[in-house]
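Protein sequences, first through last, are from chains F and E. Here the numbering used here is used: the first residue of the first sequence is 173, the next is one more, and so on. Here the numbering used here is used: the first residue of the second sequence is 1464, the next is one more, and so on.
Derived by calculation from the structure, the hints in this document are not laboratory data. All figures in this text were calculated on a predicted structure; none of them were measured in a lab. Where a beta carbon is used, it is the ideal one built from N, C-alpha and C, also for glycine. Errors might be hidden in some of the hints.
Listed next, with one range per pair, are the computed distances between beta-carbon atoms [stated by the list, open to error]:
(1) F:ALA234 / E:ARG1666: 31 to 41 Å
(2) E:ARG1749 / F:GLU443: 17 to 27 Å
(3) E:TYR1800 / F:ASP413: 24 to 34 Å
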Amino acid sequence: MVRYFVWLLFVGTALLSNACMVKTEEFQALQQDVRSLRGDVNAVAKRAGGDGGVSRSTDLVARLEELAVETRMVQGQLEEANYRLSELSKRLDATEVKVARLSGEAGRPGGTSGTGQLPAPLPGVAPQAGAGQPGPSTGQPLPPRGGTSALPQAPTATVPDKPVMQGSLPSPEEVYTKALNDYHKGNYDLAISGFKSYLTFYPKTSLVPNSQYWLGESYYGQRKYREAIREFDKLIKEYPDSAKVPAAMLKQGNAYLELNEKAQGKRVLQELKAKFPNSGDARRAQDVLQGLQ
Amino acid sequence: MTRLARIIWLLVLSSGLLAVGASAQVDITVTRTVIQRIPIAVVGLRPSGVSGGGDLVAQALSVLVDDLEFSTVFEVLPASFLPFDARQVRLGEEEKVLPSLNHLKVQAMVVAELTQQGKDLTLEGRVYNVSRGVFLGGKRYLGEVTAIRSMVHRLADEVVLRLTGERGVASTRIAYASAEKGATELYLMDYDGHNPTIATGNRSINLSPRFSPDAKLLAYTSYRDGNPDLYLLNLETGRRDKVSASPGLNIAPGWSPTGQWLALSLSKDGGTNLYLMRPTGGALRRLTNGHAISVSPSFSPNGRQIVFTSDRGGSPQIYMMDLEGANLERLTFEGEYNASARWSPRGDKIAFASNRGGGGFQIYLMNPNGTGVQQITTVGVNEDPAWSPDGRHLVFTSNRSGRKDIYVMHADGSGQKRLTRSGSKSFAPDWSP
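Isolated chain E (complex conformation):
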């Protein structure tokens, strides 16, 4: 073997070792080039555990199965496939069924039980590696009847964590804008479209919501006081702070991965230029110059680069620069309009909207150096992509049903699903960490 081959081998080996080191607590190691789902059996959730009948149990089961399927990690086996009555398995007796599942090449099992005392629910779940017959962990969740969906979401995330080492996204939320009665308000909903709640409610125009990396703050632009100013909403306390109110635009914020910086566009000095500021409002630093329009910043996971849209070359295109505003590179060259770039939390892809195919915007992915462009939507007009925190899914706006609504899909474009059905125009989503 020559020097070249040896060094490359070493590189491959060292990458492998690093990956093993990082995932030491992972039980089933999955190396997937195309999506290979882990077959999982969901057992338990006996209807008799709840006093008011089987409705709550059925709801819990349906949420759990949907969460596990959506994760793209699991393939939930239909109950009819199992050699026993899956619903009748009691918590504590589940180990008896493990051998028969192993026989069927099922790799994982989750057993759950829901019990009720008055208004209070207890959900307990346990996760098993079937092929090794090993108990991986269990958790118990307490809450009121109204919290049932969030309790099940947390169990689903626990299952994903125990089996893959990565946190699931079932407990995350999506923020979006919704136009109704002459106003545009911001809403928050669960990642599966349930429980939409209003976040602004000022009967003004509120736009471009962006969750902080700790998910505690929501940055957005509001015309509440006449000028498009930048606000931070504390999602725990409900407190609102106006953090940027320069004359003209204060729009389209993007958080740095550590939450130390907000990038935003200001038009106070002619043109619409990108600036960095502290979320508390201080330390304003200019990143772009000139009379062009530069908007819609999104940080790389290492926090060193920013992708954004600029018309400095005559048409809106996607550019990249670093945190110092230096080293500007143009990334898109096809189509008259490329915009809304969002960097994947995994670092290897940038999602964006482009009209390059003709007939309106579609969502595309590219490598961070502009190569490897890949179209992932085709039906209707699709825009505003935003990544899930695990980089496996995207939320976006589509008009395919005749009106703008929020949709989700897996990062390869499969599994597209509508989330909003309020009857109002919904758009500009962001996915919480």
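The shape of chain F in the complex, shown without the other chains:
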């Protein structure tokens, strides 16, 4: 039953993923359209005043406005599709972790291994253990629910002949949220250990690239730029498709500049502009590069 649910989630994720790609293409086409129309408007505006160019220019402006609104709508739909995708991924993570804990089985529903971003079973979970009979070697012993105010609970792993109580365990998302809260409060040391724990214990879940990003940001917040560069580098190299990569490149470039390694900083920022020319992060990179001149 649980496997069936996981499979359904997977299919849903795949479908959404496709929908999302369509939207991205549509969005890029619209952006292109707006850009070329803007060029037209500028050209017409230059000639305006003489040969009836004004009315054409007015038409173009109206069309441009229309396209800008459309672009925004598509932008919104894209954001929503991405959100639904990430929500599904999170639910999939939670379900997989639950499946692994409950049955001790290696949950490999619906061929998740090919996608690269879907979660794999928890490390150390024995793949062949029988469902419903978790022995001492199956089922990862799990931490008490996160949160600084939580009292330590007796580790559930000491009662090997009973199913693990799911209610007392932190989900990947709980560990992530706690670490992110510590980051926002400026408790960078706690945030760093939180994100490191996440990366260690949930290495194949959907929030791994984000955890890797915020780990870099936590070091950046501490002005430990060398460490920040290292962690951003892991994200850029290991998760090149993550939405966080442009921001990570910007931060990495800035971190080099903070260390007064201008050539390296410029190189990374130039690379960001070349790889993600339409991103807001590339615009910020441009601002930084301009400031250097």
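Dock chain E against the given chain F, drawing on the hints supplied.
Coordinates of chain E only, in the frame set by chain F:
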């Protein structure tokens, strides 16, 4: 125990140790998941201490009890509950009653005395840990009769500090806009709604007041000279400086936690985009691009992130980005209108207004990654949330009485209370540090 369990245990233990280290001067350690108030007895404040009768004493007592109750830290025991006449306890003799309070499981006691010499008042207060029978500290406040409320507020904050290690909010103020006679002026009032005083008075439109982190400056937008420009009002000297006057909008400022930056929206380059500037007016840095509207910035406590409202996706939604204008993330996806995000000083929640339930705006809380959304108002239309400096309360605008007024509530939505009763439309509050 396996490696995983061991590491998580270590994490839990180290968090615990850090918490203890940070609160070394705290007397009663309270670990609260739901609100558990500390039972406290308020004794003293004998009417005979003041020449003009008992009115001032009664006022002081009422302010003190209200402040302690509002803090959400204390439950003030009714005098009738105590085994002695609470009013007749003299300063210096209070230790005699401690054993009987301990017997009743009362954890804390404050004893106070008010004396008067002509126009001058002296308020003295002392705080005790009842269960350990320990004197924690005392203070004496001097002031004129007119300053009685602020003297009592300071005593209340001292009681909260001595018993929890965190400063109370009784001495804080609230700034807000009030529409009257065709103008919209900014006002300041005490956190409990008393002593409203006008801050602008230019008979123009003045909006979105924001206290600087040191509470010395108030940033706001004013149409005084025709264009919506950004001003800073020095609350100590009364001096006003126009710090941003680009063509078009200069609106909705937000201070960074260190006070080094102001984020604001400018429309000078097409669209309404967010910028960072120095409070002195220099070093303008653009954060968003494009033709969408991005407004209402609020910083995270670490000063690295900004939440704001943008219609870049077609409808106003809440987004987060960092101080470089990079790493943009959308946080809200439900409802056609999500706005006025304010980051809690504790870092773990963002308050915002949303029409997602239908029937007008309500105030919600969410985690800083957009999860865990929780509605905390239901009556009337409620908007413009702003946090108290301790992150335990929110001030907001509500039309539940038929007109917009300023209200406060605890962060869980309980204890909602109206503050303004001027008869004018009051809105857009901000809470001072």
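So, going through the hints one by one against the coordinates:
1. F:ALA234 / E:ARG1666: 31 to 41 Å: 40 Å, holds
2. E:ARG1749 / F:GLU443: 17 to 27 Å: Between ARG1749 of chain E and GLU443 of chain F, where Cβ atoms are some 22 Å apart, the hint holds.
3. E:TYR1800 / F:ASP413: 24 to 34 Å: 32 Å, holds
Against the hints set out earlier in the document, no violation occurs for any number.
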